[in-house]
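**Student:** Throw the hints in and build the complete structure from the sequences for me.
In the order they appear, the protein sequences are chains A and B.
So for the first sequence, my numbering puts the first residue at 1; every next one is plus one.
So for the second sequence, my numbering puts the first residue at 1; every next one is plus one.
Among the hints, a few may not be true.
Here are the simulated DSSO-like pairs of lysine-lysine, each with C-alpha atoms no more than 27 Å apart in a straight line [to be verified]:
id, chain 1, residue 1, chain 2, residue 2
1, B, K32, B, K16
2, B, K215, A, K330
3, B, K25, B, K41
4, B, K91, A, K480
For the record, the hints were derived by calculation from the structure and aren't laboratory data.
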Amino acid sequence: MSSGYLCLQLHAHLPFVRHPEHESFLEESWFYEAIIETYIPLLQVFESLTADNIDFKLTMSITPPLAEMFSDELLQNRFIDKLNLLIELSEKELSRTKNSEFYPIVLMYNTKLIQCRKVFINQYNKNLLAGFKYFQDIGKLEIITCSATHGFMPLMSVNKNAVNAQIEIAVKNYLKHFGKYPSGMWNAECAYYPGLEDYLKKWGIKYFFTDTHGILYAEKRPKYGIFAPLFCKNGVAAFGRDVESSKQVWSAQEGYPGDPDYRDFYRDIGFDLPFDYIEKYIHSDGIRVMTGLKYYKITGRNEEKLPYDREEAMKKVSLHAANFKFNREKQVEYLTTIMDREPIIIAPYDAELFGHWWYEGPDFIDALCREISKSNIVKMITPSDYLKKYPLNQVSTPSMSSWGNKGYMEVWLNGGNDWIYRHYHECSEKMAELANRYPNTNDTKVRRILNQMARELLIAQTSCWAFIITTNTTVEYAMKKVKTHLSNFLELYDMVSSGNINEELLSQCEWRDTIFQEIDYMAYSDEHTYGLGVN
Amino acid sequence: MMEKEDLVSLSISELKKIATGIGIKFDQKSKKSELVEILLKSGANIKPFVEKTELIQDEYSGNLSSNNFKDDYRPSKVYKENSELPKSYGKNRLVFMIRDPYWAFAYWEISKEVFDQYQLSDKEMFIRVYDITTTDKVDSADSFFDMKIDSSASNWYIKLPQPNRKYVADYGFFKETYYVSLLRSNVVMSPRDDISDQIDAEWSLTEDQFRQILKASGADQMFEQIGSQELMKFLAGNVSDNESSDSLASPSSPFGPLN
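**Tutor:** Right, here's the structure in full:
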């Protein structure tokens, strides 16, 4: 009888966006929407599976910036305000659509939103991390970390101290939130370069992931292709992404999310309804934005969109979950004939795909876990458990790679964003310089400045900014983030160098850019980086 | 002027360099005696070949110490909301970055002092890229090539001759036939673009078996864009086949799945 494993890895990440200086801020809504559409629905799925005694195991990376936002009081309270407004809107909509075909859909949203508020406030006390931690503690979830601010490591590699800091700060932040050290790391953008494993090992990380070609193009031919991990020379394991399971979900042509019965992303009442009706619920500047209330199904290209039918959509979910399981079983059955050990199929996805982009995504995960629990051929597993089963693996350094378009660095290094790197590198050097000059300083002022400098640099280094510039979405905001945080960094640096401390600027920065309250700038010192980055 | 005895004492590669420097053609397979002959016969004023390096930045290691104390510190009263970043930092450095198996990106800075000292405004600048895969040393590089750079440029995309090689770059100019290096970059390693032919004895398969594993691993489907960008385009433009995939505007979750 054949047997193999599926590792579903959900990568949950948002850049640290927090603007206390504005009453409401457009880009903060990325976080609020994700809570309503992805994070809470996922927690509800885990709950339901657990209550029904379904044997499931998922891997999930929660990036440090996201973890920080989950536990931020300002954002928690703003979320509740936003949620209340949305509930109010859904109630108005209930009246408006009472006699129309849209009523059941609106009712669905209204019910879910009210549930969402209950879960957020009553069940998890406004901090969803408690929920994810709970499922980890009972063995259903393995939560792993990511570089401190989702920094794109291959392009940072020239500054050893900066690479060390991203890993060290991430690991310590994980400890703060989850009470233990992480075993695994999801590298931002699945980006790896030979040598990164030294930093990972130093901070106790036992495994990471690469894209398919990261494993297939490894230094020595991988005996099991992507169906077993490789060890780097220092023993840190690398797991490669499976193409087939990726295609079934991500593919624009063949992927499940594009099914005509699924809810359409773009027809939102924020754009469809009259301005004076919707005004209160969109952006305070009067810009029309998504509300999350969308009433149509995808239907098809070049066709007029039909109203969403929840029942039909859920039928498709069952179909697709069964189909996914069936394909994994076939895959495992075949692999068993050409492998002399049980294969592991790595299926990583952005968490936000499930729920935010693909509305029925969380339902799919629920259905899938149930399907797989009934299978005799494929079981769910985490990388840690697989390594326990198979502690002996081939040693072969993976190839430099990422899961970005074209497989390498181009998305983050091209004509639109290459100007950023000289500034990243310069600031990284300056940070290391001061960390070395003031090791573990007792001077409170200097300590405050150095810690804040680290925060500014880290926020600026989020790979999202370079990505956004390439995908041409909120380019202005992304550029502003890079320039603002690096400019503040440089000002703070000058303060230390010259001795003229501008308390007001320092306080402003501390008040706004609050990520990593526990930060220790020494992560940038040569002392902490000792022995790393030596080829 | 070098005499016969001087020439004979040099190595073949040094003689070749001198010949190249003067512009004398020779057969790559020439013996030392033949090279000496050619040089003497040329009647040229033979000078010893000297590769001048006047390195200001000796192999960038990512840790330049900065002497950036500002005399004219201006107290800033506001959070730097809309500031532009400095055009340069007054350093002398060259940084080399790998983009993929075939392309690298280099950026550099030359301080005003150095610029004036070497009168670079009059000069044509060149980047020299060395392949140091086997030797690890610039002096005995496997090979090198030069690229002419616009004088106004401060960065450049460089096509690499081969994947899976170790490179380092210099920034400089030519003084007669000598290349004067001013900056030296960090070392980079370009990734491979194919499956390795190195096999682990304890982890080996037959060719046939390995081919099956590769196929199952999706080796023929790699780089087919299967990621969130494609899906997002589809969900967005899900209206017609002719939609412009560039203007993927989603005001509320612009980057969505980060891929």
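**Student:** For every hint, state whether the structure bears it out.
**Tutor:** Status of each hint after checking the structure:
1. B/K32 with B/K16: 9 Å, holds
2. B/K215 with A/K330: Judged against 27 Å, a Cα distance of about 15 Å means the pair holds.
3. B/K25 with B/K41: 12 Å, holds
4. B/K91 with A/K480: Measuring from Cα to Cα gives roughly 25 Å; hence the hint holds.
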